[in-house]
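Asker: Following the hints, put chain B in place on chain A, whose structure we already have.
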Amino acid sequence: MSGAGVLHHLPILQVLVPLLAAPVALLLRRGYPAWVLATGVSWLVLVMAMGLVRQVLINGTLSYELGGWAPPWGIEYRVDVLGAFMALIVSGIAAVIMPFSRRSLAAEIPADRSAMFYTLILLCLTGLLGIVMTGDAFNLFVFLEVSSLSSYALISMGRRREALTAAFQYLIMGTIGATAILIGVGLLYMMTGTLNMADLAERMPDIAHTRTVTAAFAFIVVGVALKTALFPLHLWLPNAYTYAPSVVSAFLAATATKVGVYMLLRFSFTIFGGLLAFEIMNLDRLLLVLALLAALYGSTAAVFQTDLKRMLAYSSVAQIGYTVAGVSFASLTGLTAGIVHLFNHALVKGGLFLVAGCVLLRIGNVTIERMAGLGRTMPWTMAAFVVGGLGLVGVPATAGFISKWYLVQAALERGWWPVAVVVLFTSLLAAVYVWRVVEVAYFRTPAQTSDAGVGEAPLSMLVSVWVMLAIMVYFGINASLTTGLARQAASGLLGTAL
Amino acid sequence: MSGGFPLLLALALPLTAAVGIVLTRRHPDLREAVTLVSAGLLFALVVGAVWPAVEAGGRPSIVLVQTFPGLPLMLQAEPIGVLFALLASFLWLVTSVYAIGYMRGHGEKNQTRFYAYFAIALASTMGVAFAGNLLTLFIFYEILTLSTYPLVTHSGTDEARRAGRIYLGVLLGTSISFLLLAIIWTWTLAGSLDFVPGGLLRDKVSSATVGILLVLFVFGIGKAALMPFHRWLPAAMVAPTPVSALLHAVAVVKAGVFSIVKIVVYIFGIDTVAGHAASQWLMYAAAITIIVGSLVAMTRDNLKARLAYSTVSQLSYIVLGALLANAWGIIGAGMHMVMHGFGKITLFFCAGAILVATHKTKVSQMNGLGRAMPITMGAFLLASLSLIGLPPFGGMWSKWYLVSGALEAQQLIMLGVLMLGSLLSTAYLLPIPLRAFFGRVEKHSQAEGIREAPIPCVLALGLTAAGCVVLFLNPDPFYRLMAQVVLQ
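Line by line, the protein sequences give chains A and B.
Each residue of the first sequence is one higher than the one before, starting from 223 at the first, in the working numbering.
Each residue of the second sequence is one higher than the one before, starting from -16 at the first, in the working numbering.
Calculated from the structure, these hints are not laboratory results.
A portion of the hints provided could be inaccurate.
Residues from chain B that keep clear of chain A, each with C-beta distances beyond 12 Å, as calculated [claimed, not checked]:
hint, residue
1, Glu38
2, Pro133
3, Gly139
4, Thr140
5, Arg144
6, Tyr267
7, Ala288
8, Leu338
According to the in silico footprint, chain B covers these stretches of chain A (three or more CB under 8 Å from chain B) [what the hints assert, rightly or not]:
hint, stretch
9, 230 to 243
10, 652 to 665
11, 693 to 703
None of these values were measured; they are calculated from a predicted model.
Glycine included, C-beta positions come from ideal geometry on N, C-alpha and C.
Chain A with its partners taken away, still in its complex shape (with noise of 0.2 Å):
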């Protein structure tokens, strides 16, 4: 096959590598093999997505037919600047992560089940990959399960016996959204007779104003806000990425929430198409006031939080809102400020829920009282918890600022005044529960003796800390590249809607 053969199915590959590569951890059995593998992995997906941004940014939109079958009768694997950048995140967020947890697993999770968790987490990455290369919407759904029943198992395997629980609460809610979609994908099937997304797309103008269609577009916008964790139906997210192993809070706090966006977006404004979503449904308004919730709520819970993860969590669920802020505004400035948001956040999240899995590892807890005098006796770590917290905030020369940037001037342009402030007003609650950790960390000394000897995190974990936040204040201070892609997908998006 030459270089050229190999770059042509970079869609395909990109799924079916972590795919492939997940029973053969289950088959080494052993941890270490398995986490090899899985690095491995990881790496090479990240270095594909590379190629598909890079592709699509030189050739624009990719289509890739599975089998040779011609959409739309063939499933097409459809890839935009949007789906690309998506591919980076999750692959990217994947490939820092995987060195990290070798050591922290260790801790959270008996050895004999560490090639389980490697299996589990590399169909994680292949569900979250399809999601974001397929067009076609049932494929969609396949792919949301395959990572949706993967992400129940992964969270089970936390430490205490609340895990359990938690993975059967986001069982339960994320099987619902689920079969919302599933229902609205169906319902769409039964009037066009088609799933390709641009297909579907195509027929829409002509049938948006039946009620079938807008009972699918419900259906289907109640799932995937299931999946994304927007304010009211965030229920599940706290338990989950609070009893999950560490890693596992890191990978699905960057990930899984920013492709639950990914779905608004496609089905909203790909599918469904400006018209149906914003002119009949209003969906604009919806998503924004629920953002706005979202983002007041999240951040005042943030505040009130005793358990770092916890605390981080609420604090997620404040940052979907601001995401599906910018994407209420249905404007240039405010997709791009979304789609740049998950970008960032997904650094800034990512970073700080492996802080937390640093801190776990060295005390055994992440109350936020226990972590007393962690300043002197884990100074890197805690450094890159003020780091990640300042992002968190949108201090300037962080990522966070990007988004905060584009999502008040999203706000301004369209003179929506109060959206603007409770922006700025939540960055500050953001302030507020960020630096309650710092201060315990530095200005308290440790109530236990026991505490007083801990000692910094292993090294492997610090990198993989420091990498994460490394990037995420390069693209605060240098954003041209992901404001660009960003810019390029919301456009593309757009375009298409209107």
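Answerer: Only chain B this time, still in chain A's reference frame:
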């Protein structure tokens, strides 16, 4: 768009110093040498490379990175920035000398951390001074806030933690909720954030918008300590004295008023601000801050707290000068940045010297100190007189121009406020040296054994006190810089 390399160097020098300080942490003498050498080099750089270029009418600039499409992170030197950079870099040098005496004499812990963050704070100060657009200004403004937080909370006590909370809360709160909003709004209105002579927004936006933006900018720049956003400044006094001296009398607070002056001159344009209803109201806010700040200063027995409220009051002179928005007002504002800087840093140096030598912090304990520490208290007297605005001290010039500005704008109330402010500053400053020299000493045993602070401290405060006199004799360089901005 060239010749900006010295500006990059001005940013890189203190940053390199911070790295050098951390690397040499095991050798305190070497570590302090790193600070001194970089401070010296930085001052030489600003004087030797940047100043002449700007004096000759050049505007050297350099683009660092393209942060947003069409909106780069860039540095550019212009007269007000050069004035600020000259002030900050020179006083960093002096403070470094002082800090060696103070930190060792006072037995402070974590000195490496202290010097390292100090250097980073100076780097961000240079960034603010040479910011080429509002985005760059904002970024360095925030980094300055964050890098001074560990300095404010240096002692790690509960009191320091609480003070740090107020410090960050007020400074981040105002900058995020008002300043950032104003900046992004400006960007959506003008499509640019460049500093344009004559005003970026001039004739582009309605009068009402100008009013709202002006209020957002002036209150958003919390570092200017306009009431009611002044609480962070007295809170920050919990920091070691060199921090209070350089950062909370010069670098940080001047970064605030400097930003206001720069925004009035280059973003709005003085013609737009002059006589605008919003600027009239903001002048009242500044006037209230001048008067109330002075009154509160009179009630404070803790010397550093008194000086802090004096700073709150004096900063509003500069804000007032900027809002008068005529040539004399702007010149007065710029001059007062320098004059107040020299005067107030001297006063803080003296306060620190007294603390190191006698462990006394209260004004009421200072009776008779003049005899034991004549140089320190003498310098205190000179600096007080300069702050009040009496000849032959530099403070006279800035008051002079501010008064001229008020007269030209026919702001008679503001004229009265300026006069009253001077009177009040006499009331809260002069009792201290008078007590020290002529106050009754209750017990002889107490004053015995008290001597001048370590030599580096005395040297530094003598130097800045002498500076107050030199600035009276030769204020011309700073006048020329400011005049270049407003009198073309």
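Asker: Each hint: holds or not?
Answerer: Now the hints, each set against the structure:
Distance check for Glu38 of chain B against chain A: the nearest CB is about 31 Å away, which clears 12 Å, and the non-interface claim stands. Its beta-carbon lying about 9 Å from the closest one in chain A, Pro133 of chain B breaks the requirement of being farther than 12 Å from that chain. A beta-carbon of chain A is positioned within 12 Å of the beta-carbon of Gly139 of chain B; the least distance is around 6 Å. The Cβ of Thr140 of chain B does not lie farther than 12 Å from every Cβ of chain A; its closest approach is about 8 Å, which violates its non-interface assignment.
With a least CB separation of 5 Å from chain A, Arg144 of chain B falls inside the 12 Å interface cut-off, contrary to its annotation. Distance check on Tyr267 of chain B: its Cβ is at least 25 Å (rounded) from any Cβ of chain A, clearing the 12 Å threshold; non-interface status holds. For Ala288 of chain B, the requirement that its beta carbon stay farther than 12 Å from each beta carbon of chain A is met, with the minimum near 22 Å. Consistency note on Leu338 of chain B: stated as away from chain A, and its beta-carbon is indeed over 12 Å from all of that chain's, at 23 Å minimum.
By the rule of at least three residues with a Cβ nearer than 8 Å to a Cβ of chain B, the coverage given for the stretch 230 to 243 of chain A is violated, with 0 such residues. Look at the stretch 652 to 665 of chain A against chain B: 5 of its residues bring a Cβ nearer than 8 Å to a Cβ of that chain, three or more, so the hint holds. Only when three residues or more bring their CB closer than 8 Å to a CB of chain B does the claim for the stretch 693 to 703 of chain A stand; here the count is 4, and the claim holds.
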